[in-house]
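Visitor: With the sequences and hints as input, model every part of the structure.
Given next are the chains, with one letter for each unit.
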Amino acid sequence: MSFPEIFAITEDELDLNALLAAITLDSTGAAAIFTGMVRGVTVRNHPHETTYLEYEAYQPMAEAKMKQVAEEIRARWPSIEGIAIVQRVGRLYPRTPTVLIACTAAHRDTGVFEAARYGIDRLKEIVPVWKKEVGPQGEEWVEGDYHPRPGE
Amino acid sequence: MSFPEIFAITEDELDLNALLAAITLDSTGAAAIFTGMVRGVTVRNHPHETTYLEYEAYQPMAEAKMKQVAEEIRARWPSIEGIAIVQRVGRLYPRTPTVLIACTAAHRDTGVFEAARYGIDRLKEIVPVWKKEVGPQGEEWVEGDYHPRPGE
Amino acid sequence: MNPVKVLFFATLRHQAGVRSTEIEIPEGITVRQLKERLVERFPGLDWQVMDHCLASVNQEYCADEDIIPPGAEVAFFPPVSGG
Amino acid sequence: MNPVKVLFFATLRHQAGVRSTEIEIPEGITVRQLKERLVERFPGLDWQVMDHCLASVNQEYCADEDIIPPGAEVAFFPPVSGG
Numbered sequence: 001m002s003f004p005e006i007f008a009i010t011e012d013e014l015d016l017n018a019l020l021a022a023i024t025l026d027s028t029g030a031a032a033i034f035t036g037m038v039r040g041v042t043v044r045n046h047p048h049e050t051t052y053l054e055y056e057a058y059q060p061m062a063e064a065k066m067k068q069v070a071e072e073i074r075a076r077w078p079s080i081e082g083i084a085i086v087q088r089v090g091r092l093y094p095r096t097p098t099v100l101i102a103c104t105a106a107h108r109d110t111g112v113f114e115a116a117r118y119g120i121d122r123l124k125e126i127v128p129v130w131k132k133e134v135g136p137q138g139e140e141w142v143e144g145d146y147h148p149r150p151g152e
Numbered sequence: 001m002s003f004p005e006i007f008a009i010t011e012d013e014l015d016l017n018a019l020l021a022a023i024t025l026d027s028t029g030a031a032a033i034f035t036g037m038v039r040g041v042t043v044r045n046h047p048h049e050t051t052y053l054e055y056e057a058y059q060p061m062a063e064a065k066m067k068q069v070a071e072e073i074r075a076r077w078p079s080i081e082g083i084a085i086v087q088r089v090g091r092l093y094p095r096t097p098t099v100l101i102a103c104t105a106a107h108r109d110t111g112v113f114e115a116a117r118y119g120i121d122r123l124k125e126i127v128p129v130w131k132k133e134v135g136p137q138g139e140e141w142v143e144g145d146y147h148p149r150p151g152e
Numbered sequence: 001m002n003p004v005k006v007l008f009f010a011t012l013r014h015q016a017g018v019r020s021t022e023i024e025i026p027e028g029i030t031v032r033q034l035k036e037r038l039v040e041r042f043p044g045l046d047w048q049v050m051d052h053c054l055a056s057v058n059q060e061y062c063a064d065e066d067i068i069p070p071g072a073e074v075a076f077f078p079p080v081s082g083g
Numbered sequence: 001m002n003p004v005k006v007l008f009f010a011t012l013r014h015q016a017g018v019r020s021t022e023i024e025i026p027e028g029i030t031v032r033q034l035k036e037r038l039v040e041r042f043p044g045l046d047w048q049v050m051d052h053c054l055a056s057v058n059q060e061y062c063a064d065e066d067i068i069p070p071g072a073e074v075a076f077f078p079p080v081s082g083g
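In the order they appear, the protein sequences are chains A, B, C and D.
Residue numbers for the first sequence follow our numbering, so the first one is 1 and each next one is one higher.
Residue numbers for the second sequence follow our numbering, so the first one is 1 and each next one is one higher.
Residue numbers for the third sequence follow our numbering, so the first one is 1 and each next one is one higher.
Residue numbers for the fourth sequence follow our numbering, so the first one is 1 and each next one is one higher.
Derived by calculation from the structure, the hints in this document are not laboratory data.
Among the hints, a few may not be true.
Result set (SDA-like, lysine to any residue): computed pairs, CA atoms no more than 25 Å apart in a straight line [what the hints assert, rightly or not]:
1. B/Lys124 to C/Ile23
2. A/Lys132 to D/Tyr61
3. A/Lys132 to B/Val41
4. A/Lys124 to B/Asp109
5. B/Lys67 to C/His14
6. B/Lys67 to B/Gly40
7. B/Lys124 to A/Glu114
8. A/Lys67 to D/Ala63
9. D/Lys35 to A/Trp141
10. A/Lys132 to A/Glu114
11. C/Lys35 to B/Asp145
12. C/Lys5 to B/Ala21
13. C/Lys5 to B/Gln68
14. A/Lys132 to D/Thr30
15. D/Lys35 to D/Asp46
16. A/Lys67 to A/Ala8
17. B/Lys124 to C/Val57
18. D/Lys35 to A/Asp145
19. B/Lys67 to C/Lys35
20. B/Lys124 to B/Gly40
21. A/Lys132 to D/Gln33
22. B/Lys132 to C/Asp51
23. A/Lys132 to D/Trp47
24. C/Lys35 to B/Ser27
25. A/Lys124 to B/Lys124
26. A/Lys124 to D/Pro43
27. B/Lys124 to A/Trp141
28. B/Lys132 to C/Ile25
29. B/Lys132 to C/Pro70
30. B/Lys67 to C/Lys5
31. A/Lys132 to D/Pro26
32. B/Lys132 to C/Glu60
33. C/Lys5 to C/Ile23
34. B/Lys124 to C/His14
35. D/Lys5 to D/Thr21
Guide: Below is the structure:
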């Protein structure tokens, strides 16, 4: 039996309804979905305002690394059924969903929440996507702080 | 400052995109969403097939108890911004999302996942909604096993 | 006398054969005493089920010993199974 | 000689002034040696930045010491910041 998977870099709006339907099986009873949005106002660490974010991706490698994240999820939580990992790119304004990680399973107590959490954490470590932040103070590339090991 | 909240018993399709947008603020950077779906095929415990579920609710009390669940969430995870709790009722077929708990916050590491998990667990304890399961073997009301304390 | 509105849900609605009813009860009687009167009025209601069901008074969970206030809305139902 | 395709992303793309380039390199040279050649070819590329950036060969993360295979696609970029 093979489970539905979606890995995508896209310029289109994230459609949660369609993505959820695409990873729902007859045996599915639960889904955990994480979405990130552009914050217009940030308070923590360095308080600032954001006019928009400009995302870019190394698309084929990004989609391959999303698949790797999904494999890592399945190795840790074997009861996961469907997995969707989608990163939107381009110019994105505050309140816009930018990324989605969704995991489905028969029941809610076998790892869907943990799997979705793991998915977004790993995406932010190894999936080659970058964002430039543009605001009243000017523009600046945001840099992560994770250095993947060779082959990771 | 008041945060957006949605508590609803509805016969309409759950629109995740609209619900997420309704609980997203300029300061929001993360959302965790749980949805439950009708399972057509159940393997765990008593394996069986389901043709459809028929949900009913004690609507005003259900919406009041959803509000109470949200208050419990805010007491535990004060960084939560928006909360949506929606239960769909009526006759619902396999693969159909039946319930949604969504929580937003500025960041993903201050409790959004835990809050959504707590929300669905509590909904299944105290929100007065029932379902009748109809399948090849006949029909049967599903009963929970939680007995709320007076005033809970 | 004290008029109260009674609601039944799920299996209890099925047993009672009605979703709701109005009933006049003496002031000061308890939820348990109301249950007894309802079992008399609705022969389909199973005492074992009524004895162990959940009950709410004015949309708050209540105990069998609670006194029913005038004009209350009282509901009887099985442990919830939403989601 | 070994033709490789080189890609730059984010700040490195900005510094190089191009998204991609084709370059002929001797067989057997390492990722680090390619970085040195690129810094010569693209004056805007900062050696400190190239020295500490991430690199991939054929879409797998690699080390500075890795030998670049013929026809490889090699990318250079800062630590990722998606989400």
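Visitor: Starting from A/Lys132, check that the Cα of B/Val41 is at most 25 Å away, please.
Guide: Outside the cut-off at roughly 46 Å; violated.
Visitor: Decide if the proposed pair is consistent with the structure: B/Lys67 and C/His14, CA atoms, cutoff 25 Å inclusive.
Guide: Violated, at about 28 Å.
Visitor: Compare the distance between the alpha carbons of D/Lys35 and A/Asp145 with 25 Å, and conclude whether the hinted pair is satisfied.
Guide: Holds, at about 21 Å.
Visitor: For A/Lys132 and D/Trp47, compute the direct alpha-carbon distance and say whether it is at most 25 Å.
Guide: 21 Å, holds
Visitor: Taking only the CA atoms, is the gap from A/Lys67 to A/Ala8 under or equal to 25 Å?
Guide: 10 Å, holds
Visitor: Under the criterion that the straight-line Cα-Cα distance not exceed 25 Å, is the pair C/Lys5, B/Ala21 satisfied?
Guide: The given pair, whose Cα atoms are some 39 Å apart, is violated under the 25 Å limit.
Visitor: Are the Cα atoms of A/Lys124 and D/Pro43 separated by 25 Å or less?
Guide: 30 Å, violated
Visitor: Within 25 Å, alpha carbon to alpha carbon, are C/Lys5 and B/Gln68?
Guide: It holds: about 24 Å lies between the C-alpha atoms, which stays within 25 Å.
Visitor: Please work out if B/Lys67 and C/Lys5 have their alpha carbons no farther apart than 25 Å.
Guide: Cα-Cα ~24 Å, so holds.
Visitor: Given the proposed pairing of D/Lys35 with A/Trp141, does the C-alpha separation stay at or below 25 Å?
Guide: 21 Å, holds
Visitor: Given the hint that C/Lys5 pairs with C/Ile23, test it: the Cα-Cα distance must not exceed 25 Å.
Guide: 6 Å, holds
Visitor: Can you confirm whether the C-alpha distance between B/Lys124 and C/Val57 stays at or below 25 Å?
Guide: 20 Å, holds
Hint compliance for this structure: hints 1, 3, 5, 6, 10, 12, 14, 19, 21, 24, 25, 26, 27, 28, 29, 31 are not met, and every other hint is.
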